[in-house]
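Colleague: What follows is each chain in one-letter form.
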Amino acid sequence: MLELQNIGYAVEEGNTRKEILKNISLKIDDRFVAITGPNGGGKSTLAKIIAGINKPTSGKILLDGEDITDLSVTERANKGISFAFQQPVRFKGLTVRDLITLAKGEKISVAEACSYLSEVGLCAKDYINREVNASLSGGELKRIEIAMIIARGTKLSLFDEPEAGIDLWSFNNLIKVFEGMHEKINGSILIISHQERILNIADKIIVISDGQVAAQGTKQEVLPKLLASSEACETLMNKLV
Amino acid sequence: MDEIQKSLLEKIADIHEVPEGAYNIRSNGQLEGRNTTANIDIVTKKDEPGIDIIIKPGTKNESVHIPVILSESGLKDMVYNDFYIGEGADVTIVAGCGIHNCGVDTSEHDGIHTFYIGKNAKVKYIEKHYGEGDGAGERILNPTTIVHIEDGGYMEMETTQIKGVDSTVRDTKADLADGATLVIKEKIMTHGRQTAETNFTVELNGVDSSANVISRSVAKGESKQVFNSNICGNNQCYGHTECDAILMDNGHVKAVPSLEANNLDASLVHEAAIGKIAGDQLIKLMTLGLTEAQAEEQIINGFMK
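Same order as they appear, the protein sequences are chains P and Z.
Taking the numbering used here, the leading residue of the first sequence gets 252, the next gets one more, and so forth.
Taking the numbering used here, the leading residue of the second sequence gets 1068, the next gets one more, and so forth.
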């Protein structure tokens, strides 16, 4: 279980101090938790704080009761946190197989590496020896990023907007991957997303807005409020009145 | 051959005792062993140090190994090797030089290799340079490669210098006739106070000739590298040159790609990128459980693979 206690994160911009996250406290123990909310609200920052890439300016992070606030990215990864980037990284020279092997943390057979790729809908034999460079499309990179998380199979998997940069058609297939993961994964999935179809399969939805938890609960509790308060709906409502 | 020489041979040519096919092994300035085949002849030059390697037209799937090893400190070795590749041949040539210097004097090997590649002949040329030994004496390698490719000929040149060479100046000059192709893949890693300079000049003289010069390098420690590449398009042709370098510590890299088009139908491209390892690459691998040092090692290994 992941627990955030009074997490704050501020950056200095010139002479002004900008608070990105304000006093966030959350407990994440459901299997599939979605974080949503407006752009610039602090969602990605929160994910980076959980993975250890950014250090919070205040508050504590507990993983299964252990304080991991001061642990490095590597230490947290070894404690069981995986993080799929919003923008996957390209590597000149490293192949898909290299990355899957590093993710797994041990030598694996080609068949095993292929099985992870198949799970994300990539035809393994076409990809296994490809370099993870600019020759791969954004959608392909996203799938490889997700395959690495599946290969790790840790107790907490973070996904930062897996839908970003993917066309609608590929996304429909990706949804199936997450539906499958919901059934199979050993641990919790924490996924930042704006997609209603992702929110629909979540056990719990957390809304982060302006650096704070604006709402949290089941989709039945949160979704109607979310839709009613969104700007688009407001405009529409005004027109109707 | 002693153990040091054997180990050098393994490093540069991946061979343990004697290679298959034709070979010429030069050790400390002397001929150590030679084998010729029905299609490949190796002849010692009479007027200057070096050998002529003569490959008959139509020779297919044969290889030639010509490693050079230096284990005596203070030896300065210089050779002229000429390769005559007959029309339509398809061969692999493995050259390379290993220096073990545990003395205080400078050991140096300068090889001047000239290739005459016949019509429609295909050559894969692999060259590895390696230095070792804990002496204060420097290990210097200055290879010059001159390539003439006739109509429809093809040469792929893979050169690697990963470790232990204190100073190197690599000159490569090529001229290509109609439909000829040249592909060069260079890998260099320097550390300590090493210096490496590579100079490529390619003349695309023939119709539909093409050249692709790709250099990947890593400069660690206080080392310095210079990459000069000049592709001249003198006909309807295609040329591409690319230099990609990773800087570490206080490494220094200068890349000077240049193109010269002397024909309206010449199409030439150059790319150069120098920088340290991208932070997001390190972080990505760290989220997989690697330490920063392990992540760095994986990225460099992949880059130089």
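What the hints contain is simulated information worked out from the structure, not anything from laboratory work.
Hints are not guaranteed to be accurate.
Quick list of the computed label-pair ranges, beta carbon to beta carbon [unchecked claim]:
(1) Asp1332(Z) - Gly416(P): 54 to 64 Å
(2) Val1293(Z) - Gly316(P): 21 to 31 Å
(3) Val1336(Z) - Gly389(P): 40 to 50 Å
(4) Lys435(P) - Val1293(Z): 51 to 61 Å
(5) Ala362(P) - Glu1223(Z): 30 to 40 Å
All values derive from a computational prediction rather than experimental measurement.
Backbone N, C-alpha and C define an ideal beta-carbon position, used for all residues, glycine too.
Colleague: Between Asp1332(Z) and Gly416(P), is the Cβ distance one that fits in 54 to 64 Å?
Modeller: Given about 38 Å between the Cβ atoms, the range is violated.
Colleague: I want to verify a distance hint. Is the separation of the beta carbons of Ala362(P) and Glu1223(Z) within 30 to 40 Å?
Modeller: With Cβ atoms ~32 Å apart, the hint holds.
Colleague: For the range 51 to 61 Å, tell me whether the beta carbons of Lys435(P) and Val1293(Z) fit it or not.
Modeller: About 54 Å separates the Cβ atoms of Lys435(P) and Val1293(Z), which means 51 to 61 Å holds.
Colleague: Determine whether the Cβ-Cβ distance between Val1336(Z) and Gly389(P) falls within the hinted range of 40 to 50 Å.
Modeller: For Gly389(P) against Val1336(Z), whose Cβ atoms are near 24 Å apart, the range 40 to 50 Å is violated.
Colleague: Falls inside 21 to 31 Å, the C-beta gap from Val1293(Z) to Gly316(P)?
Modeller: violated, 57 Å
Hint violations for this structure: numbers 1, 2, 3, all remaining hints satisfied.
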